[in-house]
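Undergrad: Quick note, the sequences are listed as chains G and S, same order.
The numbering of the first sequence is the numbering used here, which starts it at 457 and goes up by one.
The numbering of the second sequence is the numbering used here, which starts it at 457 and goes up by one.
Hints in this document: simulated from the structure, not taken from any laboratory.
It is possible that some hints are incorrect.
The list makes no distinction among identical chains, and a pair is therefore deemed to hold if it is satisfied within one copy or across any two copies.
No farther apart than 27 Å at their CA atoms in a straight line, the calculated lysine-lysine pairs in the DSS-like style are these [as the list claims (entries may be wrong)]:
id	residue 1	residue 2
1	Lys529	Lys748
2	Lys529	Lys714
3	Lys707	Lys529
4	Lys626	Lys493
There are 2 protein chains.
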Amino acid sequence: MKIFVKGVYQTNFGELWDKSLKDLILEAGLGAMKNAKIKANEIDLVIIGNKLSGKIDGQDHLGALAAEALKIKKGFRVEAACASGGMAVYQAVQAIKAGEVKTVLVIGAEKMTDKKNGEIAKALMGAASEEERRSGLSFVGLYALMAREYMEKFGAKKEDLAEIAVKNHKHASLNPKAHFPREININTVVSSGMVAEPLGLFDCSPISDGAAAAVISNKKGRVEIVASEISNDSLGLCERKSLVELKATQKASLRAYKKAGIKAEDIDIAEVHDCFTIAEVLAYEDLGFCKKGKGYKGINKPVNLSGGLKACGHPVGATGVKQIVEVVSHLKGEAGKRQIKKAKIGLVHNVGGTGGTAVVHILKGNL
Amino acid sequence: MKIFVKGVYQTNFGELWDKSLKDLILEAGLGAMKNAKIKANEIDLVIIGNKLSGKIDGQDHLGALAAEALKIKKGFRVEAACASGGMAVYQAVQAIKAGEVKTVLVIGAEKMTDKKNGEIAKALMGAASEEERRSGLSFVGLYALMAREYMEKFGAKKEDLAEIAVKNHKHASLNPKAHFPREININTVVSSGMVAEPLGLFDCSPISDGAAAAVISNKKGRVEIVASEISNDSLGLCERKSLVELKATQKASLRAYKKAGIKAEDIDIAEVHDCFTIAEVLAYEDLGFCKKGKGYKGINKPVNLSGGLKACGHPVGATGVKQIVEVVSHLKGEAGKRQIKKAKIGLVHNVGGTGGTAVVHILKGNL
């Protein structure tokens, strides 16, 4: 069975203090339906990807909430830490393949900025292992451990990581929906306040509000989902043999390439999970875009044209769906100022925690 | 494609202060695998149903946690308030039908008693609407509104509701894994401390710890899942036309009967969602076991032989899976002292919130 993305939408990402989570869910859902030229009664199921709402806003049961708000027959929520959005897309594909629904609305949504940063940092640690939480580690701390190991092992410098942030801010400068749509330079990054050595403030993705949505269907569309794969690894870093690779990304992407019948070099455009600069470097390598230990030198492929998590923003449950929105927009020629030419095959890579979960989708456009 | 339950397991339900959520997940998962005579490497996917862990214990990302702990390739978590367990079973059926996995381990798990009751009552309100939370309502308050309307409309008395609690405690007295395995009488219930008029303490299900698991597969087994349906309604009561019916239950069960090719009267045994005594009465009616307004007089069908949520206990995410465990045990003749004779068709009914979500499964045994 072939599965297509019929329409997509992204809300602004940023500090959206005048919008509730429900507002964002509604805006994204209705936006994707409009883009797909489809009405609520033609949608069989709504799936919500969200990580934090129950914890920081008190609202669980978002599947029922979205079904009610959007007048869709049924719905449920999936959670896989920061990969909740990608997992929701995966679930949509599975639901259609199961044969009982034809058209699914997937919404990733998160409202984070109403709370203090410290509360959010603590809440986010729900994606890590109990031992890591008890040790007082934060996510930037965990990724800093990976970055230090990487730099020592392969000779990468802070400036190399900084290039990722500079690139993604540059991309975001062309994205009117980005949280941080301004260019920065290497000095901005390396001289920014240290958060967890070697990662400074500008090595980190921000805390954002936002939502994104996609209408996914077995009815013919211009973009096909040719592979949808998930994989897992240990929650905690200390259970892993290596700190410089994400096995879950490697496994999910290998299966996805096989399913799509393509190789990494066939990917024309990708959105990867750059929650920290080091994460994008690891993604290049684990997705097979370059060899292990070489990613910090940069690659010759357009990655994170949205601005990535770094500069477009990272409302955690929304991110995995936003990545789909971005790639689909390019494949359909609807990406505005940042449109790239002749993109036919796109990859989307969403990570939960430090790689406890990875979700990889491959999309084919210009159909 | 036919789908079967290959094995089931329930941990003790109760105040399990010496066990962590991970302990419960492990015990239930390994127990179901042993019952199914299957090993971890034969399982393709683990799905966790859980509502509160992120909120009250800080641990999200339970799919990855379970996959790691049980050495299963991949996993994710679904949440649909108190229907999270039933939703996880539904997802397992969908995943197998989608064709990419053959055998799925479903685990419902919840750890609630480490926190103060007030904190838990607040956390549970995540299943309700924002307006209900802001109004200071609790779940017993919401169900009390339904009970008052029901009593006024149909002439039911507190004693009628109390019969449900007495029956379920009697059943639980035969269930060694029940939270409250002692018989009570009508007086115990009607003279118990009032929580929200007309519902007293013994009209309410308890706050429990516990887990349950089931191995679900397309490989032939002795119990077949012949229908798996979900439905939604508004989160909040005030958006509904009637307080004395759960539309989501009605819709899900009608679809399930149709899918299974049976009628309500063909059901030999059922586990229904009796979070409060009134809820079991409504379930009788909404599932078609009797006419609307007649449920309080009791029905002639074995319901909640486990003791129900009322007396077996209600670790929220575990409940929907435990209901499957109970019915499967009877259909396989493995229900010990409370085994009923000649049960061939069983129904399982799991509700999220006040009916924002309903999940109905129909199982056929003696195959």
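Undergrad: All hints are to be evaluated individually against the structure, with a verdict given for each.
TA: Right, here's what the structure says about each hint:
1. In this assembly of identical chains, Lys529 and Lys748 lie within 27 Å of each other by CA distance solely across copies; the values are 24 Å between and 46 Å within a copy.
2. Taking identical chains as interchangeable, the C-alpha atoms of Lys529 and Lys714 lie at most 27 Å apart only when they sit on different chains, with a minimum of 18 Å there against 35 Å within one chain.
3. Taking the closest pair of Cα atoms, Lys707 and Lys529 come within 27 Å of each other only across two copies (10 Å); inside a single copy the shortest separation is 35 Å, beyond that limit.
4. In the homo-oligomer, the alpha carbons of Lys626 and Lys493 never lie at most 27 Å apart, since the shortest distance is 32 Å inside one protomer and 56 Å across protomers.
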